[in-house]
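Protein chains: 2
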Amino acid sequence: MPGDSMDKPNTVTCTAPVNIAVIKYWGKRNEELILPINSSLSVTLHQDQLKTTTTVATSRSFQEDRIWLNGKEEDITHPRLQSCLREIRRLARKRRNDGDPALDSMGFSHKVHICSINDFPTAAGLASSAAGFACLVYTLSRVFDVEGELSGIARQGSGSACRSMYGGFVQWIMGQKDDGKDSLAQQVAPETHWPELRVLVLVVSFAERKPVGSTSGMQTSVQTSRLLKHRAESVVPGRMVKMIEAVQRKDFTAFAELTMKDSNQFHATCLDTYPPIFYLSSVSQQVINLVHRYNRHYGETRVAYTFDAGPNAVIYMLQQHVPEFVQAVQHFFPPESNGGQFVKGLPVNHVALSEELRRSIGLEPLPKGISYVISTKVGPGPCVVEDPTQHLLGSDGLPKETV
Amino acid sequence: MPGDSMDKPNTVTCTAPVNIAVIKYWGKRNEELILPINSSLSVTLHQDQLKTTTTVATSRSFQEDRIWLNGKEEDITHPRLQSCLREIRRLARKRRNDGDPALDSMGFSHKVHICSINDFPTAAGLASSAAGFACLVYTLSRVFDVEGELSGIARQGSGSACRSMYGGFVQWIMGQKDDGKDSLAQQVAPETHWPELRVLVLVVSFAERKPVGSTSGMQTSVQTSRLLKHRAESVVPGRMVKMIEAVQRKDFTAFAELTMKDSNQFHATCLDTYPPIFYLSSVSQQVINLVHRYNRHYGETRVAYTFDAGPNAVIYMLQQHVPEFVQAVQHFFPPESNGGQFVKGLPVNHVALSEELRRSIGLEPLPKGISYVISTKVGPGPCVVEDPTQHLLGSDGLPKETV
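Sequence order for the protein chains is A and B.
Numbered by the UniProt record's numbering, the letters in the first sequence go through residues 1 to 403 in order.
Numbered by the UniProt record's numbering, the letters in the second sequence go through residues 1 to 403 in order.
These are calculated hints, taken from the structure and not from any lab test.
Please note that the accuracy of each hint is not assured.
Identical copies carry no separate label here, and so any pair may be met within one copy or between two of them.
As the list claims (entries may be wrong) - Derived lysine-lysine pairs resembling DSS-like cross-links, with alpha carbons at most 30 angstroms apart:
#1 K8 to K368
#2 K28 to K229
#3 K242 to K368
#4 K177 to K72
#5 K177 to K250
#6 K229 to K242
#7 K250 to K344
#8 K177 to K400
#9 K94 to K377
#10 K368 to K229
#11 K94 to K8
#12 K181 to K344
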């Protein structure tokens with residue numbers, strides 16, 4: 001695929017997905033290599049709704065490595081970017097040295113231009129760095145024709161990026177080695193495994209404080225929270241085993257309850273951090289109440305929430321319950337009547353909300369608490385975009401005007 | 001003191017204090033005997049600002065045990081009330097059987113009338129049951145002339161009531177025995193020990209949800225929170241030692257930091273409960289932010305917060321910093337301009353808030369977030385009220401009109 005002419009850059013475009021952890025990653029044992037204090041497990045979301053697109057071009061004529069993120073040139077010397085570039089080039093060089101002279105033409109000694117965009121608003125508060133670094137590493141690997149285990153490189157860009165290197169249900173095994181060589185992502189089940197599983201992202205309206213960033217938040221938690229240490233050492237190992245079983249058996253109840261408990265425990269360790277960190281807003285708390293009351297009404301666990309380092313909820317549920325639950329969300333968080341559409345992404349049928357369910361939930365509605373809902377499902381890992389018109393960099397190696 | 005006539009009841013009135021834990025009690029290992037899963041430590045607040053007053057009368061002419069709380073007759077058969085009555089009568093009987101014939105006149109075979117009032121609004125969300133049961137047990141002990149260790153009886157009314165049986169700084173030693181005989185309160189330092197220490201109760205305006213009661217909340221936490229188990233077994237024992245040292249050395253920094261960390265850890269275990277329990281409101285979180293930013297501004301820990309099973313903050317600080325911190329509270333939680341006085345209790349001098357401090361804290365003011373502040377200090381344990389005009393029960397054994 002990659003071109004070989006003197007002047008025209010060798011250009012590749014790929015996309016990569018967002019992932020949402022159901023067993024949470026919080027805390028590093030090695031900051032530089034990004035080695036975690038516990039294993040974690042996530043669901044890869046479908047790229048039809050949420051993705052990062054990255055184009056990488058190499059050319060003998062490029063003077064230096066450059067990067068544009070969401071239309072703006074950024075500093076290429078960022079240490080985590082440098083880690084990813086260095087590791088991919090190391091792999092490429094190794095492959096050449098291992099004796100394939102045809103690879104000389106791949107241009108891995110050339111400089112790269114990188115251009116990347118997210119198709120989801122930053123306001124969605126989704127871990128854009130995971131999709132971003134996964135996409136960067138995957139695209140670089142296609143440009144330099146590097147194969148094999150790449151999640152360890154993505155991990156050095158952003159820890160949870162390693163899990164976006166696979167579709168479906170993915171675990172990040174913490175590993176034991178000091179050099180991090182065994183701290184890798186692994187697919188637990190492919191995206192076709194559990195087709196009934198659906199995902200809603202509830203984008204909470206911002207009103208409150210600026211949250212603490214996850215890098216510095218994790219550091220403070222590792223330094224100060226006794227409960228985090230206990231969680232990582234004594235609680236998560238057993239939960240990983242149970243979660244993998246729940247996914248493999250497609251046991252929604254077990255999956256859902258463990259997901260909620262682990263989200264709550266992660267936020268508990270944030271509160272046990274000194275000074276404490278609050279990621280859940282009053283709207284988040286109301287979503288939690290709504291889910292528990294909805295489940296209580298039916299006497300079974302039909303819906304699960306999880307929250308990362310921000311107030312937005314991610315909801316897991318089986319397909320058949322989506323229309324009613326979306327109505328419940330819309331009822332208890334009435335949107336602006338003149339706003340855009342409330343539900344984006346996969347279409348959701350309209351159903352009526354029974355008076356009985358409404359009364360049984362019995363919460364005070366919180367107008368405009370949720371801006372909108374993204375309806376999506378489990379999806380595949382990074383993909384190459386074959387259509388060259390989709391490149392974000394032009395034949396001059398610079399971002400196209402449309403970006 | 002107690003009277004002895006046939007018709008006139010033997011009447012005693014006592015007062016007892018509120019206590020605020022700095023190492024928190026959350027979780028019972030025995031529900032009936034109220035034995036905790038960890039030791040705890042509290043500060044007894046001064047009764048000039050917050051107290052319960054209880055009058056107990058006994059008379060040969062009373063037909064049955066009766067109780068009036070805050071002007072309303074309540075069910076005397078409540079199991080915890082019955083535990084306290086039974087235990088005091090057992091002690092009284094034991095004392096007679098041990099051979100003091102003069103005690104025959106105490107009338108402990110007689111029925112009792114009990115009348116109790118709190119001088120603080122329920123809205124203050126202070127653990128009124130602790131002061132209430134401490135006052136009940138103390139007053140019964142005076143009526144029946146029972147002496148010795150009474151905290152084990154108060155504990156059976158409401159766990160934290162045992163700590164209100166002493167002034168100053170009080171630990172509740174969890175004990176090891178199955179019968180609870182060694183689960184008792186003990187004074188760590190008297191109320192005169194640290195006269196510079198001051199206390200502010202920030203009464204948060206209610207707006208949000210009804211909280212889960214502490215009895216059922218504790219049960220759910222014990223059943224579901226792995227972090228609570230770890231806290232009780234592995235964190236609290238070390239913290240008790242450190243807190244006792246901090247109190248004895250009057251080391252405000254150590255006292256304050258441990259107080260905040262333990263409050264946060266208690267609320268973390270509530271969040272780790274399934275379903276999770278939220279006691280901190282967005283106003284509580286803002287108080288936490290205010291305290292940390294205030295301390296950061298000065299580069300030292302001048303102020304500490306602690307929160308029980310509700311949104312109200314209790315603030316500990318040294319006397320010299322009270323005026324400025326109260327101004328900061330008033331600035332960042334502007335009260336209703338036509339409301340009553342914002343600061344009740346011990347007078348607080350007015351000082352100006354520097355522009356520099358205001359900017360350094362840099363929070364968005366939350367109008368009416370705090371209804372009022374009670375300014376108080378460390379105080380003594382239960383007291384007998386000698387003035388008979390203060391009795392809440394008249395000579396007929398019924399509540400006086402004024403109650």
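Worksheet item: Checking K250 and K344: alpha-carbon separation at most 30 angstroms within a copy, between copies, both or neither?
Response: Within one copy, since 26 angstroms is at most 30 angstroms while 59 angstroms is not.
Fill in: K368 and K229: within-copy, between-copy, both or neither at 30 angstroms Cα
For K368 and K229, the Cα distance exceeds 30 angstroms both inside one copy (38 angstroms) and across copies (39 angstroms).
Worksheet item: Between copies, within a copy, both or neither: which fits K8 and K368 at Cα up to 30 angstroms?
Response: neither (50 angstroms within a copy, 65 angstroms between copies)
Discussion item. Regarding K177 and K400, is the shortest C-alpha distance of 30 angstroms or less found within a copy, between copies, in both, or in neither?
Written reply: neither (43 angstroms within a copy, 76 angstroms between copies)
Discussion item. Cα distance capped at 30 angstroms. Does K28 pair with K229 within a copy, between copies, both, or neither?
Written reply: both (11 angstroms within a copy, 24 angstroms between copies)
Fill in: Intra/inter-copy verdict for K181 and K344 if alpha-carbon distance must be at most 30 angstroms
Answer is neither; intra-copy 40 angstroms and inter-copy 62 angstroms both fail.
Worksheet entry | Up to 30 angstroms CA-CA - K72 versus K177, copy category | So K177 and K72 fail the 30 angstroms test inside a copy (38 angstroms) and across (68 angstroms) alike.
Discussion item. As a check of your reading, is K94 near K8 (CA-CA no more than 30 angstroms) within one copy, between copies, both or neither?
Written reply: within (26 angstroms within a copy, 102 angstroms between copies)
Item to complete: Check K242 against K368 for me: Cα-Cα at most 30 angstroms, and say if that holds within a copy, between copies, both or neither.
Response: Neither. Shortest intra-copy (37 angstroms) and inter-copy (47 angstroms) distances fail the 30 angstroms Cα cut-off.
Worksheet item: Is it within, between, both or neither when you check K94 against K377 at 30 angstroms Cα-Cα?
Response: Result: close neither inside a copy nor across copies, 38 angstroms intra and 71 angstroms inter.
Discussion item. With identical chains, the pair K177 and K250 could be close in the same copy or across copies; at 30 angstroms between alpha carbons, which is it: within, between, both, or neither?
Written reply: Neither: 32 angstroms inside a chain and 46 angstroms across chains, both beyond 30 angstroms.
Item to complete: Classify it for me, K229 with K242: is the Cα-Cα distance of at most 30 angstroms met within a copy, between copies, both or neither?
Response: both (20 angstroms within a copy, 20 angstroms between copies)
Of the numbered hints stated above, those contradicted by the structure are hints 1, 3, 4, 5, 8, 9, 10, 12, listed in ascending order.
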